[in-house]
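A.B. asks: Quick mapping for you: the protein sequence lines, in order, are chains A and B.
Each residue of the first sequence is one higher than the one before, starting from 1 at the first, in the working numbering.
Each residue of the second sequence is one higher than the one before, starting from 1 at the first, in the working numbering.
Hints are not guaranteed to be accurate.
To be verified - Straight-line Cα separation of at most 30 Å, BS3-like style, residue types lysine-lysine; simulated pairs: (1) A:K4 to A:K15; (2) A:K4 to B:K175; (3) A:K15 to B:K280; (4) A:K15 to B:K2.
Claimed, not checked - Partner residues aside, some chain B positions facing chain A, computed with beta carbon under 10 Å: (5) K53; (6) P56; (7) A102.
None of these hints come from the bench; they were simulated from the model.
C-beta: ideal position from N, C-alpha, C; glycine also.
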Amino acid sequence: MAEKRRVQFIVNGDKAEVYCSPRESLLEALRDHLYLTGTKEGCNNGNCGACTVQLNDRIVDSCLVLAVECEGDEVLTVEGLAGENGLHPVQQAFLEHAALQCGVCTPGFLVASKALLDANPNPTEHELRYFLAGNLCRCTGYDKIVHAVMAAAQTIQENE
Amino acid sequence: MKDIEYAAPRSLDEAAAILNERGSRARPLAGGTDIIVQVREGCRDIDILVDVKKIPELSAVQFNRDEGLTLGAAVPCYQIYNNAEVAQAYPGLIDAAILIGAAQIQGRASFGGNLCNASPAADTICPLIVHSAVCSIYGPDGSRAVPVEEFCSAPGQTVLKQGEFLVSIALPPPKPSAAGRYLRFIPRNEMDIAVAGAAAYVELENGMIGSARVALAAVAPTPLFVAEIGERLAGQDITDETLREAGEIARAAARPIDDMRGTVEHRKELCAVLTRRALKGAIERAQENA
């Protein structure tokens with residue numbers, strides 16, 4: 001077996017360390033070593049976006065990143081979205097707009113939506129749908145998700 | 001995933017030594033959006049992934065208007081389209097960078113990786129070809145340069161020899177009255193693989209076409225550079241008839257296959273239409289850039 005490696009990185013603002021095989025993905029490190037099971041495995045080949053996390057300054061599919069690549073990196077998962085004052089506006093909007101059914105795609109949508117609104121606080125519906133094309137949902141038909149993210153954008157702007 | 005080893009060399013020589021020693025059992029790892037899936041699904045049998053992102057030359061974007069662009073082979077798409085100077089100078093590259101997968105894939109996938117994966121349907125290779133980009137290769141015998149149109153040798157195959165790897169891709173400086181455009185056809189709006197694609201680059205002279213380059217995606221075993229279109233267009237007026245003729249040359253040059261994404265007939269038709277439109281788009285950008 002390939003030699004295991006110790007990987008130190010920052011997860012949701014806290015120092016974290018995993019001892020893992022080179023073949024283990026960031027997704028597996030988060031779920032199986034750090035027990036952060038909010039991030040979901042969907043297709044495990046980069047199509048569905050369920051495993052979306054923020055890695056440093058951009059979002060990635062964590063199934064397509066090896067944990068050993070992440071030494072020194074900063075990772076944000078769905079567990080890190082809520083702050084001291086409660087849920088992130090995107091999370092709150094998903095609840096209020098019933099933007100989830102089975103919930104497997106939801107953590108990925110939340111992380112991707114937050115990344116979108118960080119970069120583009122006032123997206124058009126077209127921009128929003130285009131940006132979220134890497135996240136698949138087989139329950140909602142997307143409209144409720146789109147409405148929720150549009151509402152979250154408005155809430156964030158009103159709060160500023 | 002099968003058990004694999006991982007190495008993260010910090011220099012070109014260190015990477016060349018590992019790749020040379022392990023030969024076909026080793027494969028460079030850039031963004032991983034192809035190679036990790038291939039290893040996980042058993043499509044590519046290797047023992048070690050060599051992460052090249054810690055080598056400075058492979059992660060650098062160097063641009064100035066006099067010397068052009070040197071794009072490290074492992075630079076992910078998002079760093080290219082978020083670089084305002086590069087985006088302004090080479091809009092034809094950005095056309096490809098923004099349509100590979102979605103944001104998550106663009107956060108990792110690199111032009112260099114797309115090139116080394118050598119898919120005939122790769123979206124970045126044709127835009128690189130029409131911009132006259134040149135690959136910088138490093139290996140046990142030192143460096144060599146290969147034009148992008150000569151880099152892919154067959155589906156999934158490149159001219160890289162044992163121990164060699166792609167370091168960077170160099171593009172000539174942007175010129176006034178010149179621009180590129182890449183278009184691909186897919187049956188949906190995003191997140192798909194090209195049925196066919198066309199890249200065009202045009203330099204205008206006195207309101208006429210000074211020179212042009214066109215390359216076609218997903219219609220041959222490798223991305224296809226159609227030199228004949230440039231020969232036909234040089235010195236011509238910009239007319240609908242000229243562009244139509246260019247499209248017909250593309251239709252004749254394409255050597256596609258029937259598969260689940262399209263038929264030979266459909267792909268040839270797409271080559272004619274996309275070539276015309278890509279040339280038109282490049283000309284419009286070049287005129288704005290005058």
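A.B. asks: State for each hint whether it applies.
C.D. replies: Going down the list of hints, with the structure as the test:
1. Between A:K4 and A:K15, the direct Cα distance comes to roughly 19 Å. Compliance with the 30 Å bound is thereby established for this hinted pair.
2. Taken as a hint, the A:K4 and B:K175 pair is broken in the structure, with Cα atoms around 51 Å apart against an allowance of 30 Å.
3. Restraint check for A:K15 and B:K280: the C-alpha separation of about 53 Å exceeds 30 Å, so the hint is violated.
4. Proximity of A:K15 to B:K2 is assessed by CA-CA distance (about 29 Å); at most 30 Å being required, the pair is judged to hold.
5. Taken as an interface hint, B:K53 checks out: its beta carbon lies about 7 Å from the nearest beta carbon of chain A, inside 10 Å.
6. A cut of 10 Å between beta carbons decides the hint on B:P56: the least distance to chain A is about 16 Å, and the hint is violated.
7. Using the Cβ-Cβ criterion of 10 Å, the hint placing B:A102 at the interface with chain A is satisfied: the shortest such distance is roughly 3 Å.
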